Amino acid sequence: MSTSPLTNAPITAKVVGKAAGPLSAATLLEEIIKLTQEWIQVHEQETTKRALIEAEAEVQIAEIHARRDLFLTYLDKTFDEREKNFEELFTRLDDALANAPDAVGVILSSITTLALKSPFADLHDPVVLRQKLDDPSAEWEV
Amino acid sequence: MAAGGMVLTGVAIAPALLIGGITLAIQGEKALTQAKKYKADVEVAEASIELQIDLMKRLRRRTDELRSVLDRLDQRASSSLSELAKLDFDPDRDLLLLQQTALLMAEIGRVLSAHLLNPNGDLSEESLTIIERNAA
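Each protein sequence line maps, in turn, to chains A and B.
Note that our numbering has the first sequence beginning at 284, numbered continuously upward.
Note that our numbering has the second sequence beginning at 68, numbered continuously upward.
The shape of chain A in the complex, shown without the other chains (with noise of 0.2 Å):
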């Protein structure tokens, strides 16, 4: 058996180099220790990220969804009314064209001014649709 530095070096600093050496492990040991404490850290960090995504994106839905009702509710509302209104201004019109000419002009003036109101023009303040929403003496009146 040869007795020189090089034969008699462990074997595991021979074969592995030197990250298998005594000292490199401890490193190794510490690099993992550290790794999977920011592994721990960024599991937390990132859980906390999704779980807000998640409720930021569950508010704007449900803000949405009110919306949507709101709107909804509020044009499919005006739409009946509208249609009621504009029945009875025709048949105003009808009548004041056979007995009472001098109404057709004031007659006609509310058919086109409700005609060119839009229903939609109201959309754009969601507080005061609420309100004439829950005030139906407000609101169905042309």
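Heads up, some of the hints might be wrong.
[As the list claims (entries may be wrong)] On the chain B side, residues computed to face chain A include the following (Cβ under 7 Å):
#1 L118
#2 R125
#3 R139
#4 D141
#5 A181
[Said to hold, decoys possible] Going by beta-carbon spacing under 7 Å, a handful of chain A positions derived as facing chain B:
#6 Q320
#7 W322
#8 V325
#9 H326
#10 E329
#11 R333
#12 L335
#13 V342
#14 L353
#15 F362
#16 L372
#17 A386
#18 L391
#19 L399
#20 K400
I should point out that these hints are in silico values taken from the structure, not numbers from a laboratory.
No experiment lies behind these values; they were computed from the predicted model shown.
Where a beta carbon is used, it is the ideal one built from N, C-alpha and C, also for glycine.
Assemble chain B onto chain A, guided by the hints.
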């Protein structure tokens, strides 16, 4: 000796694999968050699009309403015009009918000026505000 060397090589590779795995796990956490963000954005956009589709259906109702008003005005204007055409026009006697016919025609013109969409193809300026608020 060779077998011992292989075992020790394995001992060295295992920590390296562990380190690689943990690094990948960290990147995976971040990628998962990014994916959740995309998913959330898509869900919000979907809700917003559904709202706009519903508003478009009401726009259809608005066009039906205007068409109905125009049809009814047109019927009365046509009727007045036919009546006028049959007459040997006497200003003293038929002025009122002429006036009514002119009024009906003028109102048709006014109703025709109603805008359903703005120049950009949107519902109206107000609807743009709605969309902006929903996107916020």
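Here is how each hint holds up against the structure:
1. Interface restraint check for L118 (chain B): the shortest CB-CB distance to chain A comes to about 5 Å, inside 7 Å, so the restraint holds.
2. Hint status for R125 (chain B): holds, given a least beta-carbon distance of 5 Å to chain A, under 7 Å.
3. Taking 7 Å as the C-beta contact cut-off toward chain A, the hint placing R139 (chain B) at the interface holds, the least distance being around 6 Å.
4. Interface hint status for D141 (chain B): violated, as the beta-carbon distance to the closest one in chain A is roughly 12 Å, over 7 Å.
5. Annotation: interface hint on A181 (chain B) holds; nearest CB of chain A at approximately 5 Å, less than 7 Å.
6. At a threshold of 7 Å, the smallest CB-CB gap from Q320 (chain A) to chain B is about 10 Å, leaving the interface hint violated.
7. The closest approach between the C-beta of W322 (chain A) and any C-beta of chain B is roughly 5 Å, which is under the 7 Å cut-off, so the hint is satisfied.
8. Using the Cβ-Cβ criterion of 7 Å, the hint placing V325 (chain A) at the interface with chain B is satisfied: the shortest such distance is roughly 5 Å.
9. Hint status for H326 (chain A) relative to chain B: holds, with the closest Cβ pair at about 6 Å, below 7 Å.
10. This hint holds: E329 (chain A) has a C-beta 4 Å from the nearest C-beta of chain B, less than the 7 Å allowed.
11. Taking 7 Å as the C-beta contact cut-off toward chain B, the hint placing R333 (chain A) at the interface holds, the least distance being around 5 Å.
12. Violation of the interface hint for L335 (chain A) is found here, the shortest Cβ-Cβ separation to chain B being roughly 10 Å, above the 7 Å cut-off.
13. Interface restraint check: V342 (chain A) against chain B, minimum CB-CB distance 10 Å, threshold 7 Å, status violated.
14. The interface hint given for L353 (chain A) is violated, since its Cβ lies 10 Å from the closest Cβ of chain B, which is over the 7 Å cut-off.
15. Because the beta carbon of F362 (chain A) sits about 5 Å from the nearest beta carbon in chain B, less than 7 Å, this interface hint is met.
16. Hint status for L372 (chain A): violated, given a least beta-carbon distance of 9 Å to chain B, over 7 Å.
17. Contact between A386 (chain A) and chain B, as hinted, is not supported at the beta carbon level, the nearest pair being about 11 Å apart and thus beyond 7 Å.
18. Interface restraint check for L391 (chain A): the shortest CB-CB distance to chain B comes to about 5 Å, inside 7 Å, so the restraint holds.
19. The criterion of a C-beta within 7 Å of any C-beta in chain B is met by L399 (chain A), whose closest approach is roughly 5 Å, and the hint holds.
20. Restraint check, K400 (chain A) versus chain B: the minimum CB separation of about 9 Å is more than 7 Å; hint violated.
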